[in-house]
Each structure stands twice: as structure tokens, then as C-alpha cells.
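Engineer: Sequence:
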Amino acid sequence: MFKTESRYMTRKVSEEIPLEINILLWNLIDELNVEKDYLQVFELNPIGEGIVEIIHKQEVPEYKSSLYIHSEEIKENKKLYAIDSLEYSTLMFSEEY
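Going by our numbering, the sequence shown wraps up at 208, each residue one higher than the last.
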């Protein structure tokens, strides 16, 4: 699940999410030490002064973690889904699902 050779993102994600954060989100999935759900959820919440909280969660099995990064480019709350269809994985905004 979430094979590294078949990963895609929507055009909107490509335009609005910095490449460094995009890579970080995929790395969080790769480093997950529990069984991976086909749907990974990421919430990016700016909390002031260039600090962004990233909440990573899945439903089955239940998992949730958060970390803080520095980014001046994320100005508003964003929710992204990484969805695995076995053949490929796609990173998209929740409203694109």
C-alpha cells in the first residue's frame, strides 16, 4: 500500500502546497509503524508566526499524531487526503474527493 513508484498529486495540491511539505506528508505515510489505512488524512493548521501544525490521522486502525514545522506559505487551514487505490496513490485536497 502507498507504493513509492506510483504517487501522484492533483494540480491544486501542486500549486498550493510547497514541495518540501508535499515530500514530508509522503514520508509520514512511509514511516507509519501501524497498519496503513487506504485513506490518510492531513490537516495543516497555521498557528502563527510561520508555525504550522500538521495533524496526521487515519481511521482503521485508529491513528493520530501531530508535528510542527516552519512555513510562511501556509496561511489558512487545509485538509488533504492521501488515497491508495492499490495501483497508485493520490494526494488531494478534501474538497477534491
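Misleading hints may appear alongside valid ones.
PhoX-like mimics (lysine-lysine), calculated; alpha carbons at most 25 Å apart, straight line [claimed, not checked]:
# : residue 1 : residue 2
1 : Lys186    : Lys147
2 : Lys168    : Lys123
3 : Lys147    : Lys168
4 : Lys114    : Lys186
5 : Lys147    : Lys189
6 : Lys189    : Lys175
7 : Lys190    : Lys114
The set of hints was computed from the structure by calculation and includes no laboratory data.
Engineer: Could you tell me which of the numbered hints above are not met by this structure, giving the numbers in increasing order?
Structural biologist: The structure breaks hints 1 and 4; every other hint is satisfied.
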